[in-house]
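Novice: Chains as they are written, first to last, in my numbering: chain A, 1 to 461; chain B, 1 to 461.
In short, the hints are calculated from the structure, not lab data.
Do not rely on the hints blindly, as some may be mistaken.
Chain copies aren't distinguished; within one or between two, either way the pair holds.
[To be verified] The calculated BS3-like cross-link candidates involving lysine-lysine, where the alpha carbons are at most 30 Å apart (straight line), are:
1. K223 with K24
2. K216 with K237
3. K73 with K223
4. K76 with K223
Since we're looking at a predicted model, the values are computed, not measured.
Listed here are the chains, written in short residue letters.
Number of protein chains: 2
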Amino acid sequence: MPDQANVKSEIIALIDRKDLAALKKYLEPWAPSDLAPIIADLPIGELAVLFRVCPRDLVVMTFTYMPPEGQKKVLKLLTQDQAAALLNALPPDDRTAFLNEQPLDVAMQLLSMLTPDERQVAQSLLAYPEHSVGRMMTLDYVAVHPEWSVRQALDYIREHGYDRETINVIFVVDDLGHLVDDIRVRRFLISPLDRPVRELLDGNYTMLSPADDREKALELFKKFDRVALPVVDDNRKLIGIVTVDDMLDVAEEEATEDIQKLGGTEALDEPYTTISLARMIKKRASWLVILFLGEMLTATALKYYESELEKAIVLSLFLPLVVSSGGNAGSQAATLVIRALALGEFRLRDWWRVMRRELVAGFSLGVILGVIGFLRISIWSFVFPGTYGDHWILVAATVSTALVGIVLWGSLMGSMLPLIIKRAGFDPATSSAPFIATLVDVTGLIIYFTVAFMIMRGTML
Amino acid sequence: MPDQANVKSEIIALIDRKDLAALKKYLEPWAPSDLAPIIADLPIGELAVLFRVCPRDLVVMTFTYMPPEGQKKVLKLLTQDQAAALLNALPPDDRTAFLNEQPLDVAMQLLSMLTPDERQVAQSLLAYPEHSVGRMMTLDYVAVHPEWSVRQALDYIREHGYDRETINVIFVVDDLGHLVDDIRVRRFLISPLDRPVRELLDGNYTMLSPADDREKALELFKKFDRVALPVVDDNRKLIGIVTVDDMLDVAEEEATEDIQKLGGTEALDEPYTTISLARMIKKRASWLVILFLGEMLTATALKYYESELEKAIVLSLFLPLVVSSGGNAGSQAATLVIRALALGEFRLRDWWRVMRRELVAGFSLGVILGVIGFLRISIWSFVFPGTYGDHWILVAATVSTALVGIVLWGSLMGSMLPLIIKRAGFDPATSSAPFIATLVDVTGLIIYFTVAFMIMRGTML
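One chain only, chain A, in its complex shape (with noise of 0.2 Å):
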């Protein structure tokens, strides 16, 4: 019966027809963790319905799996009582990213219906930084100590793992709380029942500290393959854990903040159809101001050309040309440097490494442009006769050559700014594809007019 929609309809069906311990007895075989995603799906009509009559195992998780608007909705229909208890029942890591995505009054009155000790807990939890280590950990681990059987540990498992985050790892910890080691469950049940749990120690475990951050808990993760990872306090007090599957949302959440920082807007912190008009216009219109006046230094550099245009108003004709492939080159440099030092292929010592290559990939890519811009230029001149007046040839070559020299400045550009925002302690995302855009194409112009103004004196200039 691994069909969801059949599962789904089923469920809706009851519940149409007031069935509810029809419902109560169909949802009662399954595991919460294998109903709940599918439930989350469920219309709001419906959710508030079941919530009423489950089993609150069942409500709980449901409620982890749903997006924060649902989240909202559910809890307005909700008694204050049925609330209070799916609050407190909350594991603390999911409730902390519920808590966090509410105003701050309604996050407080959520927070005075917790019992004081879910209270304490909720309170610090979201004491640490927004995208630390601290905000995501949750406080349900299976911890044994070293002193213990292997057959102890077991038991304990048994009685206790349940309604615990992953009891993939258990953590062993002394008598004060501190971390010993962190072994996989795998461990415990590949060894003879009497063997005590200090004979399984190697020893080797990594760990966390509630305010480092998420991506830091990411990097690890991904070094070393685990299912868990401890977080400890200053005294290596055992005071969490996180879990990988919090990890697939945050790699999301980086890649989504590094991608529209790369398009030329402040990241969003929110989803595009959610995000109220306001909230996104402003951070668009923060970036496209700063673009905005910068390529305004255009309009200045070409006033200081403005005889020069006149002169040779066919120079007018390529600059968008000219100017726009310069920035193309430098957004696909930016683009890869980025990345690539997001993902640590290269550090910043490895400079002179990029530049060599830059220099080589965009010097080629300025003739392939510029012998394609040479070859327009004289193919037109042929069919079309005077389109681009006598001395057509010397067009054709300050456009090819100031091509060439435009396109290896974006690439050069392009790649070595991110490494200076970076070395400046800046995040490397925010030189985005607009930005050196704009920057090659101020200093863009002034190669091409300065080209221009080599092969032309004399004849048109």
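Given the coordinates of chain A, assemble chain B onto it according to the supplied hints.
Specialist: Just chain B now, kept in the frame of chain A:
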């Protein structure tokens, strides 16, 4: 002793002292999975020594943690027999990935080193398309039968679990090998030992087909928070599993592809630092040439407006400013929409909602830039009289009106084109920021001159 730097330097010291007996003894108590990532970081010379003394488990595990370049070097350092033993012992999914990185002739040579059984496995995995689930799956899973008791199942896991990729999920199959269910190992741990496995079944599981794209696997892992998913053939026979640790790499690779495409280049499919220059130039040139050919239309359009340019040379001063602002707005919109599509935040049929948002956002952003542009030209004309001629107010009106139109147009193009491209069955990330910018450049010129003609007719034009 969790400090990995210490472990590493201790190992290096032992190798330098050529004390292989002590080295062997030092390595013995470690779990291969914990030591492997540390060893994988060692310089190649030390690695070659280590690989000769280490137990095979450790060698194999270490090999899977190394980057493809390092793997190739290590394989060359080993004798033919050693290399064959290593290859035969590799987990099938890691071996597939490794073979896939090699040129065809090397891959064939390596395949010939495998035992007939392993060769058949390797060839069948390699037969699946690139980026398919079949290429990523491993055959090392634990399967039990429904008629067994929990005790029998745990005994079986104790005996066979050690060299399996994961025992966090146990698969239940019938006598013909058909998948019946997947059960988390925790369910076995917390159940009475004499309960039959059949009573643990909940009938709820998700399956993959080996031909599925790896993005589908990623989606299911995100949705269901599993650590492993079963892969079945057309007859629902269990043929392998995919584990969550591979998903972090998939998520990263998919994001890299999207980012590179958005930056206006073909996806490199190799690290920036190691791809050959010729291949990188080829991947960048194709898009750069396409964009260049598109951008040529600006020269054609400008030729058409040449007489207007001659009459009002001042128009050419603001050409790059006006046109690039449209490109920037378009690249913002495209980036946001493409990422939202990739994350499944909305569907194609929601295009009207997106368009409505972009109509408002584009207009607002256009007005913001238009006002700034108007102020810039007015202030300059007061401070430096004559900069933009007597009709500067007309110039300011033209530039700011054109900005509103072009930014609005850019936002609409940027948001709608990815949807159109997706509708046509292509990857929406293809409509990169530079691609949108080029399109908006050409159409932006027409908007600019049309506005100029309307405002300046009878005075300057």
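Novice: All hints are to be evaluated individually against the structure, with a verdict given for each.
Specialist: Each hint tested on the structure:
When the C-alpha separation of K223 and K24 is checked against a cutoff of 30 Å, the pair qualifies only between copies, where the shortest distance is 24 Å, while the shortest distance within a copy is 44 Å. Taking the shortest alpha-carbon separations for K216 and K237, only the intra-copy value of 20 Å comes in at or below 30 Å, while the best inter-copy value is 40 Å. With identical chains, the CA atoms of K73 and K223 are at most 30 Å apart between copies only, with a shortest distance of 20 Å across copies and 39 Å within one. For the homomeric pair K76 and K223, the shortest alpha-carbon distance between copies (24 Å) is at most 30 Å, but the shortest distance inside one copy (42 Å) is not.
In this structure, every one of the numbered hints holds.
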